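As given, the protein sequences belong to chains A and B, one line each in that order. Numbering of the first sequence is given in the working numbering, commencing with residue 1 and proceeding in unit increments. Numbering of the second sequence is given in the working numbering, commencing with residue 528 and proceeding in unit increments.
Errors might be hidden in some of the hints.
[As the list claims (entries may be wrong)] Estimated spans, in silico, between C-beta atoms of each pair:
(1) Glu603/B to Glu131/A: 29 to 39 Å
(2) Asp497/A to Gly552/B: 25 to 35 Å
(3) Asn523/A to Ser595/B: 31 to 41 Å
(4) Lys447/A to Gly604/B: 25 to 35 Å
(5) Asp266/A to Asp673/B: 48 to 58 Å
(6) Glu682/B to Pro92/A: 50 to 60 Å
(7) Val588/B to Leu430/A: 43 to 53 Å
The set of hints was computed from the structure by calculation and includes no laboratory data. Source: prediction; values computed, not measured. We put the beta carbon where it would ideally sit given N, CA and C, even for glycine.
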Amino acid sequence: MKEFDVIIIGAGITGAGTARDCALRGLKTLLIERADIADGASGRNHGLLHSGARYAVGDPESACECIKENMILRKVASNCVEATDGLFISLPEDGLEYRDKFLKKCAEAGIHTQTLSPQKALSLEPLVNPELISAVKVPDASVDPFRLVSANVLDARLHGAEVLTQQEVTEIIKEDGRVKGLKVLDKSSGTVNTYYAHYIVNAAGIWGAKIAEMAGVHIGMLPAKGSLLVFDHRVTRMVINRCRKPANADILVPGDVVSVLGTTSDKVPFEQCDDMKVTKEEVDLLLREGCKLVPSLAQTRIIRAYAGVRPLVASDDDPSGRNVSRGIVLLDHLKRDGVDGFISITGGKLTSYRLMAEMTADLLCSKLAIKAKCHTADTPLPGSEKSVKFSSVVRKAREMKMDTSVIEAAVSRHGSQVEAMDFSGKGSELVCECEKVCRAEIAYAVKVLGVKTLDDLRRRTRVGMGPCQSSYCVEKAAKALAEELGDTSLSEELKKDYLQHRWKGIVPVCRAEQLAQAEYLRNKYGK
Amino acid sequence: MRADVIIIGGGQQDAALATRLLEAGKKVLLIFEGRKSEDRSREEFRAKGGSLLAGDKVCRVDWAEDGSRVEAIYTEGLEDTALRAEAYVLCSGRFFIRGLLSEEDRVWEPVFGVDVKYLKDSSRWCDPDFFAPQPFDSFGVIPSEDCKALKDGKEVENLYVTGDILCDGIDNTEELCKRII
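Isolated chain A (complex conformation):
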């Protein structure tokens, strides 16, 4: 029997961040995930580090949180964040009334803005809608959510936390009205294990509603589906937003080698949350609205579509469930429901995950009577401890007789963790050409980041996420991964699982140029 101070359910960004914070404070921590890290909403969003500007008018509290956290994450997660900046453009139909209010509210929230003339905006971003009447520059940024979750998980482990993936919670053990532990099905072995802890934290996103039911409490959650499209290159340098009341498809984010457009927002039933499919209507809506931001999107190849589920929480004081809390929701179930040993953390945003984790860990520490302060606001994540100089990348590349851009790509993904990679021998072999993932990075991901499948590898290295969508590299990647896992016979199965899994995102956009690619992919691997 194993006993922990805290067990956290869900290795999305909230759970991973909370596990890290707890581990840094010396708590004996276990993080449990039913699939892989960042498998839910954390891996299915824009990858936008909000400046808070989007919320400035409608939700000043969130805006303040965002700008503070944005500035913190630029420092402590520097290798996950690209300081792209963002533009809020006003089109003729938007008018300038909203913009004026927006500027005032941004100032109140502490968000730095710079108003640009249409000509200036077009010189910075030549592809934005030339009909714009104004643009405001804000400190939005692009963030790789997979990298961010992975770095938090890694640091939690480095500080003593245990992390178990592919583990489904089947029962919450209660004694005398107090939550004591969990029964967990290990999906890889089929065995059921029991873990005990002083506190259990429910950080399972939309699936937290079900976890809460297991503990005998009710959280009124409203699953809200958000669909997004991925385009085959970086269309703009900055994040492009519409300067109007937040609506559908009004944000375009450049990230790594692609651009992401989103989102929609539709209530969906719980049964759909495990298998979100993007509909034709959603693709049409996204593209139609997206073209108002950047007209050339109409001619740009869409490489996939995906959807995540926002865990919206119904306000406790509204029995109808119509009023939704948009902010961070931290529920002490002892106070709220009389159930001790159980805490839920939900709502919030990717940008505010660190704060959510801090609030949760503060509550845990006060309950456990542990006096340990939060250090996540000034302790860099693994990879972000120091910046890697370009000259050292060039030196390494020369030493290893490799293309500089391959090592640079590894640095951009893993920061100073690149020192733990061995580029000698087979390590220099390039596997994914679009994202420039080499064998050394794959070996590192298997050894240090707990990769078991090609999809796990994708989340940690971006293998197969570029414009070719793995048409060229899936075979090579599967072989390399199988070798690193020590069983070359796995290669075919790894490849097939990955192709099937990724097909889902291609299906909704399988037309025009992407149908040409899909046909190629199938002729090569599917027949």
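Based on the hints, put chain B in the right spot on chain A.
Only chain B this time, still in chain A's reference frame:
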């Protein structure tokens, strides 16, 4: 310029067909859009005396007034030079090499605009199982029994169609050679 047969190629079987017609004594011109090819079968065709127009694209078609025949075709490279033949063979391949084009709810053949079989609703073009036969695999140009293409349901007298551009995986190579040779 005049040939017995002009093949609008690009598809996998274009050069094999061209060589076969050449060996049957026809004067054959093969046009295809791809870059100058290292493909052995195309080089073989050229070595045997076939005319190869590589890296060029048919950009205009002269139709008989009643639309029943192709009178001439023109390419981007040769501009105003009319290319004429007894028979034209469309063998330009599928989506990947742009023998077929698509957009939401529509699939078309871009050179002659001949009739194509496809499902109207693009949300039904794929099977969720990657390894299952895909509905879009069955899309393609509809051949008549005489191996000719149809335009608005009517057979075009001197325009044949063959190769993987055909719908439903139809293979009419033997039938087509019989008719042209």
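Consistency of the hints with the structure:
For Glu603/B and Glu131/A, the Cβ-Cβ distance of about 34 Å falls inside the hinted range of 29 to 39 Å, so the restraint holds. Taken as a hint, the range 25 to 35 Å is violated for the pair Asp497/A and Gly552/B, whose Cβ atoms sit roughly 54 Å apart. The supplied range of 31 to 41 Å is met by Asn523/A and Ser595/B, whose beta-carbon atoms lie about 36 Å from each other. Taking the beta carbon of each, Lys447/A and Gly604/B are about 55 Å apart, not inside 25 to 35 Å as hinted.
The beta-carbon spacing between Asp266/A and Asp673/B, approximately 52 Å, falls within the hinted interval of 48 to 58 Å. Checked against the hint of 50 to 60 Å, the pair Glu682/B and Pro92/A passes, with Cβ atoms roughly 52 Å apart. Separated by about 45 Å at the C-beta atoms, Val588/B and Leu430/A satisfy the suggested range of 43 to 53 Å.
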